[in-house]
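> Chain residues, written in single-letter form:
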Amino acid sequence: MTRYFCVLAGAWVAATLAFGQAPQPPAAPAKPAQTFPAELVKAGENLFVQDCAFCHGRDTGGGESGPDLTRSKIVADDVDGNQIGPVVRNGRNAMPRFTVTDQQLAGLTAFIHTQKSIAESQKGGRKGVDPKDLATGDIEKGKQYFNGTGKCNSCHSPTGDLAGVAKRNEGLRLMQRLMYPRGAKVKVSVTTASGETVSGTRAYVDEFTIALRDAAGRYHSWPASKVKVQTDDPAEAHVDLLAKYTDDDIHNLMTYLMTLK
Amino acid sequence: MKRTLALLSLSASTLFAQGTTPDMLLKPPKDSWPAYHGDYSGKRHSASAQITPENVGGLTLAWAYQTGANAQIKASPLVVDGKIYFSTPDNVYAVDARSGHQIWHYTYPPNKGFHIGSRGVSMYGEWLYFMTPDSHLICLNAKDGTVRWNVAVADAQRGYWTSMSPLIIRNHVLVGVSGDFDNLTGFLKSVDPETGATQWRWDSTPPSGTPGATTGGMTWMTGTYDPESDTVYWGTGNPTPVLNGDVRPGDNPDTCSIVAIDPNTGKKKWAFQASPHDTHDWDAVEIPVLVDAEFGGAPRKMLMQASRNGYFFVLDRLTGKNLLTTPFGPVNWAKGLDAKGQPIPNPAKEPKPDGRLIAPDEGGLTNYRSPSFDPKTGLFVVSAHPSYGVYFNKPADGAFGWAGADYGVWGKGVLEAIDYKTGKVKWTHELGSGGSGAGVLTTESGLTFTGDAQGSVLALRTSDGKTLWHAGMGQGMQSSPVTYELDGRQFVLSSGGGVMFAWALPEK
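Line by line, the protein sequences are chains A and B.
FYI, in my numbering the residues of the first sequence are 1 to 261.
FYI, in my numbering the residues of the second sequence are 1001 to 1508.
Keep in mind that the hints were calculated from the coordinates and are not lab data.
DSS-like cross-link-like pairs, simulated, lysine-lysine; straight-line CA separation at most 25 Å:
no., chain 1, residue 1, chain 2, residue 2
1, B, Lys1466, A, Lys226
2, B, Lys1412, B, Lys1426
3, A, Lys143, B, Lys1352
4, B, Lys1268, B, Lys1340
5, B, Lys1349, A, Lys244
6, B, Lys1083, B, Lys1027
7, A, Lys132, A, Lys143
8, A, Lys151, A, Lys261
9, B, Lys1335, A, Lys244
10, A, Lys244, B, Lys1424
11, A, Lys167, A, Lys151
12, A, Lys228, B, Lys1466
13, B, Lys1321, B, Lys1268
14, A, Lys167, A, Lys261
15, B, Lys1340, B, Lys1301
16, B, Lys1352, A, Lys244
17, B, Lys1352, B, Lys1335
18, B, Lys1424, B, Lys1335
19, B, Lys1352, A, Lys123
20, B, Lys1412, A, Lys187
21, B, Lys1352, A, Lys132
22, A, Lys151, A, Lys185
23, B, Lys1412, A, Lys228
24, A, Lys141, A, Lys261
25, A, Lys226, A, Lys185
26, B, Lys1349, A, Lys132
27, A, Lys244, B, Lys1412
28, B, Lys1335, B, Lys1349
29, B, Lys1112, A, Lys42
30, B, Lys1426, B, Lys1466
31, A, Lys187, A, Lys228
32, A, Lys73, A, Lys167
33, A, Lys73, B, Lys1352
34, B, Lys1466, B, Lys1421
35, B, Lys1421, B, Lys1301
36, A, Lys187, A, Lys151
37, A, Lys261, A, Lys185
38, A, Lys141, B, Lys1349
39, A, Lys185, B, Lys1412
40, A, Lys141, B, Lys1352
Next comes chain B alone, as it looks inside the complex (with noise of 0.2 Å):
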């Protein structure tokens, strides 16, 4: 069977398209976003530059694709040879790209996973790899969604489930976890993309029942790749328990961390702390950004982050030393920053029985939703959420998972333009009450697609914010949009609820 398969792709080729290469995840063809962040980098900027703002006033639907499901898409969708990938919870759908229509449907099997979202899929030649809520890898043909093979990544028994994207590098599909809810260890694992094997696995944290040490750090969002220096780029999340620091003394390394890791190998070369002893579920899984750019006038490779925390950091990517650390919103947990320009956290803010106000909230100053960098203009735009929450904890509330409680007060949406050289905010636009769950994507044009709080796609000039199209799509955008070009058109995807909308100049 399998052999067959080979040999049918292989006459394809010569005709058609036959899914992702190296080469193409390497450098990503208009006609496609063939990975998670659209190429290696995480920038989620597309060098596609027919929607433009004097035109973007006209971009109309071109078609709107229901999965009729429960299920808000939270996925940032793939799309490859015409042909567009994404999931929801036990779910991954092929939609042609160009009429929305539908290709297949497959569904995973009833399983007792937290169905709390899934970010999309990934693709390696002519396979799909999905994550379930039982924290299975599942690698599905892209032709018709039939399994190839399922392997468990993870023991769902023990509290880990999984949602993420996986990162495939060359023949490696990275695979990350979480589970807040018990004391686990985090850790970074490397599959065969033909067998589902395990090549190697990093893990955060020491494992479980290690005396006085911590757990956690979940790796629960797609990292980002340097091919030049041959080098991944990972978020790590809060240590666990969560709210509860007195059991796990010290900073809690690699918790709340960016660690940079060689893929053959699965080797730290080295990590930085973005919430060291984190007590306030302030992951640093936030798209760490790969820009090529001056920086103190000189040319530098960095890396940025606006993180969790609150604080939006340069790093030198070569040798993970600080360049920049500023805070982009309320921030009020830390009493400055070590050499290291790493935050202080002040012990006072820790949560107590009495409550501690806390800005930001749990759901941070940003969170999983892609920020975006556009290079012309030098902008890091991310969606932020300026919010107080107020924190508890007490002896009776234990020693293991959340082990606390904390409640949100108050908070709103703002698109933040970061300039990167000084982390001062060029300018802001209100996404409204509560906050926004949509990511950005830039174009070369000069505009900004990103989504309000009540559920509108919005098109912004990226110089200065304003408002340049609109549409309500009835239900809050909860993923980053995507954009791609076939036949000579430019279509922009953003979901709204579980309707995934194709934008595109009316045809010509």
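Next comes chain A alone, as it looks inside the complex (with noise of 0.2 Å):
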């Protein structure tokens, strides 16, 4: 297994490079590497420094609380800031918005890609967290676990949904979905006063308003305190197993979803 694993990685590594983190034969056509002015990396840089480095560190390689941009799907599959931008722009879960110009923007994207290339050219020993160094459990154990104690089986199945879970989600990002799925949809049954059921994901929540999107796309809400709420949210579940899990349980667990390709 683990031999196995690491060919994968490092074939993992090479579409990287090339492609993101979408696993590419080695033979497709390379997107070429991005380059970028110094000035404009310059620029960039002093940018990145003031308002994004706490975060993300000032190398990029990650910070404070900020995700490694180094190993960022978004910024792999990023050309010319068209994915960096709208994250700077409108923010992404605990990141506020920037108002950048788009001068700026560049700045930022070249500082990005740059830093990115570097630290993608070292070889061996490199800085933060490798989909290899996470394959130390026991798939067996996993398995027993995700039938057993861990109760995974009563809503997921390896030939279901998670068939292919590891090849749609790799290392860190297969981890930290596996502990808990950020973003899965809550499905949410609003009744009404007048006894009028609407069902849709759920939009929207806080203490004093509940807010979904019906099968047709469209946007309701109410008052929390007028409406009677039914919620099926499936990751509360994962909640539920922070408070139980042993780090072997994980690794194990995460060992076993990574045969799930």
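Two chains, two frames, some hints: make the complex.
Written out as structure tokens, the structure is:
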């Protein structure tokens, strides 16, 4: 398994270099490495240090609370800021939005891509979390946990929803989603005072307001205190497990899930 | 110039109030909020009681001041002489406390420091003290925002930055520093308010490069002060390298600690370590709240801290002896408590190459946002963040700065009211997915003000946590609310994004 995994990880690194995290045959035509004028990179670095480095690190390799951008799928998929720009300008998860000019965005993008190239040119001993760091568990025990103590099989199936899950999510991303599938769709049914029930995907919730998107994609909201809300949040079971896992449970489960290609 | 100014302010004193005085900082009048915590105790509790649980439902917008800038307001505003002073990185604003219109706006030149936040300015007489992202302390004239002097308090080139609001005690301006991305010594510095000259400096860790010793122990939040014993209480940050503890064996003294310091000399009186040998970035800089009340059947002078590492501590503040240690949410990194009441870290929960699941996450079970202590109910109200994170460290990560990686897995915000005598949580109030950056204010009438994760400002009943009023601000509150009275009207200030909102009952 370990050896098999290493081979795959090698392919993954090659694929990341060329295409981001989507695994591709090594023979596929490579996207040329992006290069940028030195002044643009410098301007981008200055802005990055001020506004981004605290969370993402001065070298973009991760800092306090923010992810390592040199291993980010968004950065890997980005061409001239087409992926980075919307994240900077709209925010994402805990990241606030920033108002930047096109020129400033071009600088940030140039700096981030340049740092990514530098990081990836480091052979062996690379900083950060490699997929191969995470295969330390026992496949059999992981399978047992999946079907036993963890009761993962009450919602998931290795031949159903999880078939190929290790292909769609690699390394750290798979581990994070195993522990908590951030952004998983929450189903809600809202019953109004007049007895009408509307169901859909939860679009917003706070103490005062509940909103959903119905099957036609329309957004509806209600004052939370005036309606009855039924919620089906599949991620809740993951939260319950966080307090129960041992670290071995997680590594066994992770190593097992890595076999679902 | 200086002499003319002094004469001018002297002649004005007979007619008008003029900034802060040492007496005012000891006992802030109701028309002011003259320092970061309001008073020296850190209780963030106000005697103002015009807004009550009965009438708070009618609270309305008095005014909103828009900075029009990107930066979110993370400052606790000062209110002195009918004027509000607050900051964002590189910016200080003076705003009329009655109307919300701008009096002046100071901008510091562009610089390469981390623009992560500015917690507010401080005031001594008619002078304001502002810390910049590149570790300078600027003294501004509160009348017009002009610069009186500018001194570097730490070397930004080496990786220090500053964001805190200085603590002013008599003629000492106490400043702290930040800097987790390099192996740097943390320190607290006392600066002369007139000249900017250093009066003393206390180092929390040995100089960088001392063999086997830790660095870190940054001092990036405002401490509290007990005038009776003339003692300053300050929280210190995590050791560095942050996630790699192997190169700094032992407890790493005075990091992640609450220290008692003589404000005249900078000499340490005692220290209590909230997280010995921390490897999770859990600073113990959360506000050390000073409370005089009964504990175990006897009157006590106490210090309470809800710490980032997930434990609530009650100490005897005269001796530093522990009275109570109890977790206030999910915590899975300690093996138990030692004889001093300090948690014993479990080595199996240090960051590893394949990751360790840790509660709380790096952001901690709470953080810089201020808690509040309500004397009437004995409740310590804190914005908590039950959470899990995964921590990694491998040899390739090295032994400098962060030296590893960690990722939040899941977290939410919960306001908790802790009974200080037992550590038991009397009530909780959900604040939403992810968590809230808002601090807490309590008032004598039995109200608690804070913000939720989605951007609402909330007024709750302190006795049971029930929501009595709320308003959406459009962006989450990243500061701690304050209150003041002017012209017979009580105002509550809350920030949302780059806007400062003033709430009050309708004018009669």
